[in-house]
Amino acid sequence: MCPDGELLSAFFDAEIPLPWAERVREHTESCGRCRERLERLRSLRALLHGDPEPEHQPAFERTREALHSRVWRSFKRGRSFWRTRVAVPLPAAAAALVLLLGLGLLLAVATVRLSLPWMTIRRQPTGVTEVQVAAPIKDLEALLRSLDSQPAIQEIVITLPEESTFLIMGEPRMLRAADYHERVR
Amino acid sequence: MLHEGHSENLLFEKVYENIYPLLFRIAYRITGSASTAEDLCHEAFVKYIERSELLPDLDQTKYWLIRVLRNLSLNSEKRRSRENRAYQKYERYARTTDPPADHGFLEDETRSVVQGALDELPHSLRTVLVLKEYGQMSYREIGKVLGISEGNVKVRAFRARERLAELLKETLS
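Line by line, the protein sequences give chains C and V. The working numbering applies: residue 141 is where the first sequence begins, and numbers increase by one. The working numbering applies: residue -14 is where the second sequence begins, and numbers increase by one.
Source of the hints: derived by calculation from the structure; they are not laboratory data. Please note that a few of the clues may not be correct.
Stated by the list, open to error - In silico EDC-like cross-links for lysine to aspartate or glutamate, where the CA-CA straight-line distance does not exceed 20 Å:
hint	chain 1	residue 1	chain 2	residue 2
1	V	K129	C	E155
2	V	K(-1)	C	E201
3	V	K129	C	D153
4	V	K(-1)	C	E205
5	V	K154	C	E179
6	V	K47	V	E35
7	V	K32	V	D44
8	V	K(-1)	V	E28
9	V	K154	C	E176
10	V	K47	V	E28
11	V	K32	C	E201
12	V	K154	C	D191
13	V	K32	C	E205
The task is simple: from the sequences and hints, build the whole structure.
Shown next, in the form of structure tokens:
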């Protein structure tokens, strides 16, 4: 069976893998019609390659001359660092992304922790445990009630921030706190 | 140690000297005009100079430049086709009042019968055949440059030859 035009054209271009190329070659040697088709392809190729072409040298020189100043300008300017493409393997890019996310998470946790109450526990040589807590107080009465319910507490010292400013509204709360302090003693 | 600019200039010279002749030949066979081929090669090398990152080797540079050239030639052909339509329209209009117009301004040189037949092929078929015959490229390389499969290259090469043989049947016989 004769090969179709596409196959013969690919065979002519030596683009057919070996076992198949050998079969096509054997066939074309024995088939007059296919030999003629191949001969036609050869003639066409000879016609294409025999066709005169304009000399490229004058255009080559003119273009080189025209490009010369542009080439030097480009090299003088240098290749911009920010426009340089960097090839990074996918696993490395994924690892970098994970690292960035981890750092971001750590930063977020640290920020949240800063806004939480700060506390230190110190054991005195006398055997008394001193607990220092720095916490934002929104409800002073609730705090006092909470402290009142702790029977183990011997002494409570409430230190106000130095730069605090208070508005006098109704009965002064800190007086009550002082009373409370006395009561605990 | 060479100065960076000097070494880059040497690299450019190497690329230019190795690739220009092939690029010009391909450009001429695709466009059918030496002056258009020169313009397109110039434009392709300008793009190469302006490219920010270097290409890994001479082969990759060649493929890149051929790809740029193919796109430039396609744009140039579309533009020329629009201009030709405009001239033809004008000619039909002028014929009613003036003597026949000489449209030699459309052709910048006399083309051979073979080149004339190549010009008759659609751009997609012509490019594949030109890269195969004048660029000495394999189907795989052509596919890579044009962004098509090897199978598609095979079909296009066959169809281009079929049409070309038909256009040149008098010369071939």
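Go through the numbered hints given earlier and state which of them the structure violates, listing their numbers in rising order.
none
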